[in-house]
Structure formats: C-alpha cells, structure tokens
Amino acid sequence: MSGEESQWLTVLIAVLGGAIRVGTPFLFVSLGECLTEKSGRINLGLEGNLIMGAMAGYGVAWITGSAWLGVLAAGATGVVLGFVHALLCQQPRVNDIAVGIALMILGTGLAFFIGKPLIQPTAPHLPALHLGAWSDNPALRAALEINALFIVGVLLAPAMAWFFRSSRWGLAIRTVGESDDAARAMGLNVNLVRMLATMAGGFLAGVGGAFLSLYYPGGWSEGLSSGQGLMAVALVIFARWDPMRCLYASLLFGGAGALGPSLQAVGVTSGYYLFNAAPYVLTLILMIAASSTKVRSGMPGSLAAR
Amino acid sequence: MAFAPFLIPLTALLLSLALFGVFVSLAGADALAVYHSIYRGAFGTWFSWQNTLVSAAPLMLTALCTALPARLGLIVIGGEGAVVVGGLAAALTGLILIDTNAWLALTGMALAAMLAGGLLIGLVGWLRHSRNVNETISSLLFNYISIAILSFLVIGMLRDPETLNKPSTHHIGETHMLGALGETSIHWGFAYGVIACVILWLLFKRTTFGFAVDMIGGNVRAARLSGLSVGRNIFLVCLMGGAAAGLAGMVEVAAVHGRANTSLNAGYGYEGILIAFAARHHPLAIIPMAILFGGIRAASGLMQRDHDLPDATGLVLQGMIFILLLASEAVFARLALNKGFKA
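Keeping their order, the protein sequence lines are chains A and B.
Heads up, the first sequence stops at 306 in the numbering used here, and the numbers go up one at a time, no gaps.
Heads up, the second sequence stops at 649 in the numbering used here, and the numbers go up one at a time, no gaps.
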C-alpha cells in the first residue's frame with residue numbers, strides 16, 4: 001500500500017470512528033428534540049440539558065461508582081429541565097424559543113457551578129464493545145470500539161419510529177403536534193401531552209450529555225460540549241422529523257465533525273473549518289428546497305403554522 | 307393598573323434575586339454579602355458603573371437584532387452570527403484603511419460591519435418572505451456558518467503569524483482604535499448602542515415606516531390589501547436589526563480586541579435575544595435591561611473573588627432572572643384576559 005493511499009485510509013477510518021463517537025450525543029439530542037417537536041413545541045434549551053446531564057452523570061457515576069446510575073441521573077436532570085420548559089411554555093404569551101435560550105443559560109450556569117469540584121476526580125467509564133478485535137490495524141480497532149450507549153441509541157431510533165407510527169401514544173403526540181383543535185376534539189389534554197413529550201425529550205438529551213462525560217471525550221470540564229445541544233434543532237429539520245433519519249443525520253454530523261481533526265492528523269490544517277459548516281449549509285439548502293417544491297417536509301402542523 | 311408594566315418585571319427581578327440568594331446560601335455563601343458584592347461590582351462606584359456600561363454596549367445592539375424583527379412577528383436569533391460577520395468585516399476594512407486617518411478608518415469599519423450584519427439578517431428575512439424558510443432556524447444556522455467562516459479565515463489566510471494561542475487577524479492599528487467617551491473608560495460603543503435604540507424607537511414610533519411595520523406585524527393580509535410591500539419591509543427591518551448586531555461586532559473589534567478572532571463569539575448574541583424579550587421588544591426598554599445584565603457581567607468577577615464562588619455564578623443569576631422575567635409575561639397575559647388590560 002502506498003503512503004498516500006494509507007493516509008486517506010487513516011482519514012476514512014477516523015471519520016468512521018468519529019461518526020460513531022461524535023455522533024452518539026447528536027443521536028440522543030436529536031431523538032429527544034424530535035420527540036418534543038412532534039408534539040408541536042421547539043425546545044432550544046437542550047444544550048442546557050446536555051451540559052447538566054454531562055455534569056450530573058459524571059458526579060453520580062463518581063459517587064456511586066456506577067456509570068449506568070450516572071446515565072440515569074443525567075436523564076433525570078433532563079426530565080427536570082424539560083418539566084420547567086413545558087411548564088413555562090404552556091403559560092399564555094410565553095415564547096418557547098426564549099424559554100429555551102434562558103434554560104440553556106441557566107442549565108449551563110448551574111452545571112458549571114455545581115460541577116466545579118468534579119473537574120479533578122475520575123469517574124468510571126461506560127463499557128464499550130470491541131468490535132474491531134478481528135483486525136490488527138490499531139486505528140480500525142479504535143474506530144470500532146462501540147459504546148453501549150451508541151447501541152441503545154441505534155435501537156431507539158427504529159423503536160421511536162414505530163412508536164410514532166403504530167402506538168396509541170405516538171398518535172396522541174402526532175395529533176397534538178398537528179393541531180391543537182383536533183387533539184382537543186379527540187379528548188386529549190394538549191398541555192399534558194406536550195409536557196410529557198418535552199420531559200421525555202429532555203431525558204434523552206441528558207443521556208446524550210452523560211455520553212460526553214462518561215465516554216467520549218470523557219471527564220468533566222467546562223468546554224465539554226461544543227454546542228451539540230443547540231444543533232439538535234437543526235438536525236431534526238435536516239432529518240425532517242423522522243427518527244430513522246435522525247440516526248443517519250447524527251452519523252453524518254458526527255463524521256463531518258471528525259473530518260477536521262482527522263485531516264489535521266495527516267497534515268491538512270486549513271480549510272477544515274469549512275467542512276465543519278457543511279452540515280449547516282446542507283440543512284439550509286434542504287430547507288430552501290423543501291419550501292419551494294411544496295414537498296411535505298414532515299414538519300408538525302403547529303410548528304408550521306406560526 | 308398603569309404601573310403594571312413596571313411593577314410586574316420588577317417583582318420578577320426581586321423574586322429571582324431572592325431565589326438566587328437561596329441558591330448561594332445553599333452553596334455556603336452569605337446571601338446578603340453576595341448581594342452587596344453584586345451591587346458594588348455593578349453599580350456601587352463610578353469605576354464599576356463604567357465596567358457595567360462597557361458590557362452593556364454590545365448587548366443593546368444585539369438585542370435590537372431580535373427586537374426589531376419581533377415587531378413583524380419574526381423571531382430572529384441570529385445576533386451571534388451578525389456580530390461575527392460584522393466584526394470580521396470591520397477588521398478587514400480596518401486593515402485595508404490602515405494607512406488612512408482614524409476617522410475614515412472607523413467610519414469605514416462601522417459601515418462595513420453594519421452592511422455585513424445587515425445583509426446576513428436581511429437574507430434571513432428575505433428567505434422567510436420569498437421561500438417561507440423559518441427565520442428562527444435559518445438564523446441559528448447562519449450563526450454556525452458565520453463562526454465557521456470566521457475560524458477558517460483567522461486560522462488560514464487572514465492570520466497574523468504572531469498570534470499563537472488565539473489565531474487572529476492583524477491588528478487594526480492602535481491609533482485607529484475606538485476611543486473613550488471624554489475622561490471615562492467607557493468606549494464609544496456605549497453611545498452607539500444608546501443612539502441606535504433611540505433612533506430606532508423614533509423610527510418605529512413616529513414615522514409611516516414604523517406604522518407600516520406595525521401593521522404588517524398585526525395583520526399581514528390587511529397590510530397587503532392596503533398596498534404595503536410586505537417583503538420589502540421585512541427585508542428592511544431585518545437589515546436594520548442585523549446592522550445593529552454587526553455594529554456590535556465592530557465595537558468589539560475596534561474598542562476591545564483590535565483584531566477579529568473567535569472572542570467575537572462570546573454569547574452577546576444569545577444574551578441579546580433574552581434582553582429583547584425581557585424588554586418586550588421595546589427599543590427604549592432595551593437600554594435599562596442591557597445595563598442591568600451588563601452589570602451582572604461586570605459584577606461576576608467581584609462576586610467570585612469576594613465569596614469564593616465559581617465563575618459560573620453570574621451565569622446562574624442571569625439564567626434565573628431571564629426565566630422569571632419570561633414567566634412574568636404570563637401574568638401580563640392573565641391581566642389582559644381578565645380585565646381588558648392593554649399590555
């Protein structure tokens with residue numbers, strides 16, 4: 001194998017590994033946001049959930065010695081933040097975008113405040129499966145070190161798609177998301193359904209945060225998240241409110257995020273910041289195209305109506 | 307009920323301060339002493355007032371970026387991106403005009419920054435009007451795209467090789483920096499912010515343009531039937547909002563950093579969104595709100611040193627105030643429902 005060829009192979013393997021590692025938090029926040037938006041409300045505050053989840057997950061894992069209890073605690077903080085979001089948004093004249101940003105600031109602040117003593121200690125990591133054991137290429141082995149949470153997320157995507165398509169509760173969420181009036185006519189409690197959807201979405205975002213602190217990049221620090229929570233909203237549009245497409249989109253965003261560092265590893269240093277922007281440009285183009293061709297974008301009716 | 311517009315936010319503010327007091331007490335600090343530090347750090351001395359007003363300058367301008375389109379019923383959250391492209395355009399212009407005099411350079415920088423920020427948000431408005439692209443999402447995406455372009459340029463072709471830790475453009479020249487107001491340490495950015503808020507208030511309150519905008523915001527179809535060009539007005543309002551946030555980027559470059567770098571992405575845009583909502587999108591109310599939150603930014607250092615609290619304490623206080631101010635909107639709405647109170 002010539003030198004140049006193996007370089008590109010290195011990049012390819014790093015992007016593959018990155019798609020999985022960097023993509024997992026994207027997967028959880030986007031599934032969470034998808035669930036919330038299907039009920040007709042945007043939660044822009046998932047960045048706060050993510051960072052709170054990372055902090056709480058790390059703290060609880062360190063205290064109890066169990067990484068999985070940490071994941072649970074991370075989800076629980078997400079539920080609390082989701083509850084606050086839903087409670088405020090169901091009041092008259094309270095804007096969900098503004099509440100989301102306020103919760104992002106509050107969640108980030110609380111996580112940094114409470115998490116100050118957690119920067120030093122080492123918490124147990126989440127277990128990983130070594131699917132690359134057959135290969136003797138160390139880069140490939142590292143790339144195929146699959147975390148258990150990633151597998152949970154991959155299974156969750158089709159489960160959520162089934163839930164929306166075929167379950168009674170999924171139908172309730174979709175109805176509330178499409179039209180308040182139709183939902184009321186069916187005897188559904190619109191605010192309650194939205195609250196539950198926001199809390200469950202918050203749980204998933206919190207779990208995504210636990211992945212950040214308990215697996216990759218690992219550890220707790222204030223620079224842990226690089227805005228994955230904020231991007232969830234863009235991801236869901238990119239995925240057109242479809243859980244399965246959330247999975248593909250998360251892998252794509254993860255791979256795009258890993259492209260820069262892996263190009264840097266083989267000596268391409270400039271230009272990769274533009275690759276980082278590629279997913280956003282793509283999302284924007286998709287939005288423009290979807291609006292002009294009158295193709296059903298999959299957007300819940302009550303989001304489209306405003 | 308005439309005092310309700312002041313009483314309700316004030317109550318929300320006091321409640322959030324009380325909540326914050328409980329929070330810092332739980333963290334082992336003396337709440338009253340913390341309040342005292344906030345007061346001293348933000349408004350206690352002339353020195354702290356100056357810091358407060360300096361921090362308030364970009365916040366006023368970024369708040370306008372959300373408050374103006376909100377009059378049309380649009381929720382634009384692209385202030386962060388407009389600050390970034392504005393700062394970048396200002397630095398580029400400053401470098402091109404580096405051999406000219408300071409007045410020319412600063413004017414050029416301000417105009418370039420306003421144009422860049424204005425076109426960015428103007429594009430958001432145009433996409434909304436002509437292609438029905440959700441303005442909230444597209445402006446969020448433009449934030450990321452702008453930051454990526456900034457990072458790309460300051461690491462690549464625009465980089466001053468001497469900036470090692472924080473890649474930046476070349477310096478615009480010490481003599482071309484934006485000066486202070488008189489003998490104070492408050493730079494001209496603060497004046498820009500106040501002037502922008504006042505002029506835009508007059509524009510929206512006293513001119514036919516402002517009336518047309520309010521009409522579109524109230525009922526698009528009625529506005530269209532009476533012959534107003536909806537698209538043109540949406541574009542113009544977004545252009546003005548973006549220009550204000552772009553000017554904030556110019557102020558950061560010309561008065562603070564002297565260069566464009568990723569410090570431009572310091573959260574002024576996101577804080578501005580909340581200030582706009584807290585001020586209920588009223589350009590004049592933005593001024594005191596921005597000063598309030600500028601004060602919290604200015605006081606967080608003192609709070610941290612005096613009481614050994616983490617540096618995120620200011621962020622927690624900000625978050626609490628924003629949450630309760632937003633929640634207080636519901637009280638307004640309830641009043642409006644019950645008593646026909648015009649909020």
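Worth flagging that the hints you see were computed from the coordinates, not collected in a lab.
Watch out, some of these pointers could steer you wrong.
What the hints assert, rightly or not - A few chain A residues facing chain B, derived, Cβ under 7 angstroms:
#1 Trp-68
#2 Leu-69
#3 Gln-90
#4 Arg-93
#5 Ile-105
#6 Leu-110
#7 Phe-164
#8 Ser-167
#9 Leu-171
#10 Ala-234
#11 Leu-282
#12 Ile-285
#13 Leu-286
#14 Ser-302
The C-beta atom is built at its ideal place from N, Cα and C for all residues, glycine as well.
Violations among the numbered hints = 1, 2, 3, 7, 8, 9, 11, 12, 13 and 14
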